[in-house]
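Trainee: So the protein lines, in turn, are chains A and B. Here the first sequence stands for residues 1 to 366, numbered as in our numbering. Here the second sequence stands for residues 1 to 560, numbered as in our numbering.
Among the hints, a few may not be true.
To be verified - Cβ pair distances, simulated, as ranges:
id, chain 1, residue 1, chain 2, residue 2, range
1, A, Q32, B, Y31, 43 to 51 angstroms
2, A, K206, B, F189, 40 to 48 angstroms
3, B, S69, A, E157, 50 to 58 angstroms
4, B, D351, A, P328, 55 to 63 angstroms
5, B, Q456, A, K252, 43 to 51 angstroms
6, B, A371, A, K42, 33 to 41 angstroms
7, B, P353, A, K133, 50 to 58 angstroms
8, B, T36, A, K52, 48 to 56 angstroms
Don't read these hints as lab results, they were simulated from the structure. In this text, a Cβ means the ideal position worked out from N, Cα and C, and glycines have one as well.
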Amino acid sequence: MLSRVAAVALALSWSVAVAQPVPAGYPADYAQVIAAANKEGKVVIYSALDTKAAQPLIKDFSALYPGVKVEYADLNSTELYNRFIAEVASGQGSADVMWSSAMDLQVKLVDDGQALAYASPEVPKLPAWAVYKNQAYGTTFEPAVFIYNKRLVAADEVPQDHAAFARLITTRADKFKGKVTTYDIEKSGVGFMFVVQDSKYFPGMKDLEKGFGVASYRVYASTGNMLEKVSSGEHLLGYNVLGSYALVRAKKDPALGVVLPRDYTLVLSRVMFIGKQAKNPNAAKLWVDYILSVRGQKLIGSDVELFSIRNDVDAEYTAATLTKQLGPNIKPIPVSAEIVTYLDQKKRLDFLADWKATLAAGAAGK
Amino acid sequence: MRASALAGLPRGLTILVTAAAVLSPLSLIFYQSFLTAPFFDARKTVGVGAYEFIFADPDFWQASTNSVSIAAAMVVIAVPLGALLAFVMERTDLPGKRWIEPLLLVPSFVSPMVLAFGYVVAAGPVGFYTVWATELFGSAPWGIYSLVAIGAIAGLTHVPNVYVYASAALKSLGSDVEEAARVAGASPFRVALTVSLPLIQPALLFSAVLVFFLGFELFGLPLVLGDPEGHLVLSTYLYKLTNKLGVPSYHLMAAVAICIVAVTFPLVLLQRWLLQNSRKYATIKGKAGRMRELPLGRWKWVAAALIGLWLFVGVVVPLSGIALRAFVSNWGYGANLAEVLTLEHFVSVWDEPMLMRAIRNTILIGTVGGAIAVACYTAIGFATHRRNDGWSRFVDYLVLVPRAVPGLLAGLAFLWVFLFFPPLTPLRTTIFSMWLAYTVVWLAYGMRLISSSLLQVSTELEEAARSVGASRGQVSRQITLPLIRPGLMASWLLVFMIFEREYSTGVYLLAPGTEVIGAQLVSLWQGGAIDVVAALSLINVVLVGAGLAVALRFGVRLRD
Numbered sequence: 001m002l003s004r005v006a007a008v009a010l011a012l013s014w015s016v017a018v019a020q021p022v023p024a025g026y027p028a029d030y031a032q033v034i035a036a037a038n039k040e041g042k043v044v045i046y047s048a049l050d051t052k053a054a055q056p057l058i059k060d061f062s063a064l065y066p067g068v069k070v071e072y073a074d075l076n077s078t079e080l081y082n083r084f085i086a087e088v089a090s091g092q093g094s095a096d097v098m099w100s101s102a103m104d105l106q107v108k109l110v111d112d113g114q115a116l117a118y119a120s121p122e123v124p125k126l127p128a129w130a131v132y133k134n135q136a137y138g139t140t141f142e143p144a145v146f147i148y149n150k151r152l153v154a155a156d157e158v159p160q161d162h163a164a165f166a167r168l169i170t171t172r173a174d175k176f177k178g179k180v181t182t183y184d185i186e187k188s189g190v191g192f193m194f195v196v197q198d199s200k201y202f203p204g205m206k207d208l209e210k211g212f213g214v215a216s217y218r219v220y221a222s223t224g225n226m227l228e229k230v231s232s233g234e235h236l237l238g239y240n241v242l243g244s245y246a247l248v249r250a251k252k253d254p255a256l257g258v259v260l261p262r263d264y265t266l267v268l269s270r271v272m273f274i275g276k277q278a279k280n281p282n283a284a285k286l287w288v289d290y291i292l293s294v295r296g297q298k299l300i301g302s303d304v305e306l307f308s309i310r311n312d313v314d315a316e317y318t319a320a321t322l323t324k325q326l327g328p329n330i331k332p333i334p335v336s337a338e339i340v341t342y343l344d345q346k347k348r349l350d351f352l353a354d355w356k357a358t359l360a361a362g363a364a365g366k
Numbered sequence: 001m002r003a004s005a006l007a008g009l010p011r012g013l014t015i016l017v018t019a020a021a022v023l024s025p026l027s028l029i030f031y032q033s034f035l036t037a038p039f040f041d042a043r044k045t046v047g048v049g050a051y052e053f054i055f056a057d058p059d060f061w062q063a064s065t066n067s068v069s070i071a072a073a074m075v076v077i078a079v080p081l082g083a084l085l086a087f088v089m090e091r092t093d094l095p096g097k098r099w100i101e102p103l104l105l106v107p108s109f110v111s112p113m114v115l116a117f118g119y120v121v122a123a124g125p126v127g128f129y130t131v132w133a134t135e136l137f138g139s140a141p142w143g144i145y146s147l148v149a150i151g152a153i154a155g156l157t158h159v160p161n162v163y164v165y166a167s168a169a170l171k172s173l174g175s176d177v178e179e180a181a182r183v184a185g186a187s188p189f190r191v192a193l194t195v196s197l198p199l200i201q202p203a204l205l206f207s208a209v210l211v212f213f214l215g216f217e218l219f220g221l222p223l224v225l226g227d228p229e230g231h232l233v234l235s236t237y238l239y240k241l242t243n244k245l246g247v248p249s250y251h252l253m254a255a256v257a258i259c260i261v262a263v264t265f266p267l268v269l270l271q272r273w274l275l276q277n278s279r280k281y282a283t284i285k286g287k288a289g290r291m292r293e294l295p296l297g298r299w300k301w302v303a304a305a306l307i308g309l310w311l312f313v314g315v316v317v318p319l320s321g322i323a324l325r326a327f328v329s330n331w332g333y334g335a336n337l338a339e340v341l342t343l344e345h346f347v348s349v350w351d352e353p354m355l356m357r358a359i360r361n362t363i364l365i366g367t368v369g370g371a372i373a374v375a376c377y378t379a380i381g382f383a384t385h386r387r388n389d390g391w392s393r394f395v396d397y398l399v400l401v402p403r404a405v406p407g408l409l410a411g412l413a414f415l416w417v418f419l420f421f422p423p424l425t426p427l428r429t430t431i432f433s434m435w436l437a438y439t440v441v442w443l444a445y446g447m448r449l450i451s452s453s454l455l456q457v458s459t460e461l462e463e464a465a466r467s468v469g470a471s472r473g474q475v476s477r478q479i480t481l482p483l484i485r486p487g488l489m490a491s492w493l494l495v496f497m498i499f500e501r502e503y504s505t506g507v508y509l510l511a512p513g514t515e516v517i518g519a520q521l522v523s524l525w526q527g528g529a530i531d532v533v534a535a536l537s538l539i540n541v542v543l544v545g546a547g548l549a550v551a552l553r554f555g556v557r558l559r560d
């Protein structure tokens with residue numbers, strides 16, 4: 001009796017495997033990965049992207065691979081990292097797939113030997129800067145933007161580049177004092193990463209920092225808070241806000257305006273890798289490949305409302321459309337060893353101390 | 001011999017489990033504070049680097065100063081107001097007292113996270129009331145993000161904590177001395193200041209220490225209100241350290257926690273000592289006779305107006321703000337409220353399985369979890385009831401320990417315990433982990449509820465049972481327990497409300513499966529999902545309100 005049940009189950013799982021052809025262009029032995037993934041039956045994903053936002057991807061993936069159940073947990077990027085290392089250290093195993101906007105923390109985990117080496121068949125379609133050691137991959141193309149309150153800031157006042165932003169908040173303190181907001185770089189890893197990149201591309205960064213001091217800027221831990229405060233008019237201008245979220249909200253919110261800075265626009269890419277101790281490594285491979293595939297990227301560029309990183313995808317939000325708008329001034333933050341520089345405690349604290357000193361100097365009018 | 005050894009077993013076990021639940025997380029924090037990396041990291045070394053770091057950090061000193069000044073401001077505001085409120089409520093012919101009384105305690109049952117959020121949407125720079133005031137008068141002469149404002153709001157919302165103790169003390173005091181003063185021509189205000197309040201000095205001193213202590217632990221209010229201008233207090237400084245170095249700085253957080261405990265634990269002991277001392281004062285009180293209400297005369301309306309104003313500022317403003325914000329899609333200057341009304345936020349809560357789980361878990365942890373917690377507290381109560389040995393004294397102090405640890409860090413320590421203590425690991429992603437943390441964090445509160453019930457059982461009944469040969473266990477089960485049943489029901493209700501209100505303990509324990517509204521609010525607030533925060537806050541207020549309504553219906557005394 002028991003063996004008959006087992007036989008039926010085996011036949012069923014076989015039929016599922018047979019029903020799933022290898023995606024076009026993938027090596028033939030990919031069928032084995034699919035079969036093994038079906039046997040694993042699920043994939044555990046830790047992600048910094050809201051479950052709600054990721055829902056279209058989860059649904060579509062489940063339709064593609066009905067034998068693999070998606071267990072998706074959303075946490076903020078710091079918590080994600082903390083939980084992962086604690087769980088790995090406790091030997092209980094952690095997420096199969098880590099997907100986070102804290103690019104530096106993700107790269108650090110790869111450097112610490114926590115990622116599984118896996119050369120996705122989609123790699124040739126990705127920009128070179130988005131592939132790290134064939135272990136971690138950039139999956140999105142999200143610009144850092146300025147936001148403003150359309151009701152309270154006149155169209156001709158709105159700064160279009162970084163220098164104009166710095167000038168505006170420095171010279172119009174009467175209007176903007178206490179009304180400018182950006183990330184709290186002590187609380188948000190993403191915010192910190194952005195300003196480190198800014199100091200690379202923007203020669204007037206010190207003036208901007210001083211301007212923040214002059215305007216007694218207000219800082220928050222997340223983009224959501226900045227969007228809310230600018231939309232309500234409590235603040236007027238937001239700096240280095242995640243464009244993916246801002247543009248989506250601006251579509252529905254008549255008070256919110258978004259600017260892609262003309263001189264250069266930083267781009268963040270959510271980094272994904274498979275955990276070295278993943279319990280479901282094959283299912284994890286399916287997920288990573290799916291996210292990087294045209295099918296997954298198309299959703300990312302439409303229903304998920306992030307930006308597709310691939311240039312060959314036709315959707316509303318893509319790297320291609322942004323590049324067309326901004327040309328060479330688009331500056332993606334590379335998934336590379338360089339971005340972990342400031343995870344060194346001393347360097348980070350020095351950077352923070354310098355940042356604060358410049359702010360204070362600005363506030364004191366020096 | 002054998003029988004008596006067995007008879008001691010349940011008690012021994014209870015004490016052992018309690019000690020383990022209280023001391024293991026705390027010792028983990030203590031150990032962590034003397035390391036250079038997370039305790040599970042192979043690269044850690046032992047040292048005092050964490051303390052050196054925080055003592056060298058100007059933010060730490062700024063946060064300490066702020067904590068002390070906010071706590072002091074709260075004492076200055078809450079103690080006189082609470083004392084006067086108690087006098088007016090207990091001693092005078094204030095109109096509508098029966099209606100006012102239950103309202104007075106509302107601020108202490110609403111989650112501080114919810115209150116703070118309510119102030120932002122109601123009285124913040126673009127809050128509903130601010131916008132209305134600006135439209136009517138041209139400007140709104142208040143701000144809620146300054147240190148002074150935080151202190152004032154915290155002070156006003158802690159008035160009930162003083163009121164509870166002051167009014168209890170006044171109740172046990174005869175009114176004959178006050179009448180004498182009245183006959184001699186003193187005004188009601190003068191009677192309060194020179195006769196009544198000096199007589200309840202011990203209770204006021206106790207509540208001053210309590211309020212200072214609560215101020216030192218404040219988290220939700222400064223987290224929300226201190227953010228825009230960057231005002232830190234110790235608990236929010238600790239929270240900020242989560243990310244300051246880019247990678248987890250558990251050692252720094254643990255060191256800050258130990259610094260906080262170094263202040264709060266002595267305060268907890270001081271409270272205990274004051275409470276015992278105030279009982280000794282009991283002999284000096286006036287003769288308890290029939291209470292006579294002092295006529296307030298024309299002061300009547302002044303008093304009523306002041307209480308009304310306080311209720312308006314402390315309850316109506318924040319709660320109405322939340323209620324309104326939950327039903328509008330956007331707000332601020334230029335937003336026409338009639339045009340932006342929506343039920344969308346509740347729909348998105350409904351659509352989000354994680355948030356629905358949070359609501360279900362929150363109800364579950366208050367009802368079922370609250371009942372089990374009360375059962376645990378009762379077991380511990382019985383382990384020490386009518387026994388004056390070393391173990392009882394040990395438990396007495398033991399239950400005070402978690403009171404001194406900030407909930408935020410207690411939660412983190414419990415996360416570690418659930419990660420690294422193998423028998424518990426399968427339970428980590430269940431609501432059990434959250435429940436255990438809640439139960440331990442609120443141990444002192446729960447024990448006070450239970451022991452006040454136990455103290456009401458007179459010894460004769462128990463002794464009678466003993467003298468006809470009942471064992472200790474039989475006495476507990478068949479005599480004492482049935483007698484304190486009403487007290488236990490009341491405790492369950494109070495614990496329900498406390499568990500619905502709790503938010504900081506769950507912050508680090510939050511995981512798929514353990515979601516609760518309180519912790520979810522902190523996380524969503526940080527993420528800026530304000531629409532959902534508003535809807536969830538309102539749901540939370542409704543849950544607490546339901547508990548409150550049941551409590552009032554059954555005449556439960558809302559004070560510990």
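Trainee: Each hint: holds or not?
Mentor: Against the structure, the hints:
no. : hint                                : verdict
1   : Q32/A / Y31/B: 43 to 51 angstroms   : 47 angstroms, holds
2   : K206/A / F189/B: 40 to 48 angstroms : 60 angstroms, violated
3   : S69/B / E157/A: 50 to 58 angstroms  : 39 angstroms, violated
4   : D351/B / P328/A: 55 to 63 angstroms : 42 angstroms, violated
5   : Q456/B / K252/A: 43 to 51 angstroms : 59 angstroms, violated
6   : A371/B / K42/A: 33 to 41 angstroms  : 35 angstroms, holds
7   : P353/B / K133/A: 50 to 58 angstroms : 36 angstroms, violated
8   : T36/B / K52/A: 48 to 56 angstroms   : 39 angstroms, violated
Consistency with the previously given hints fails for numbers 2, 3, 4, 5, 7 and 8, ordered from lowest to highest.
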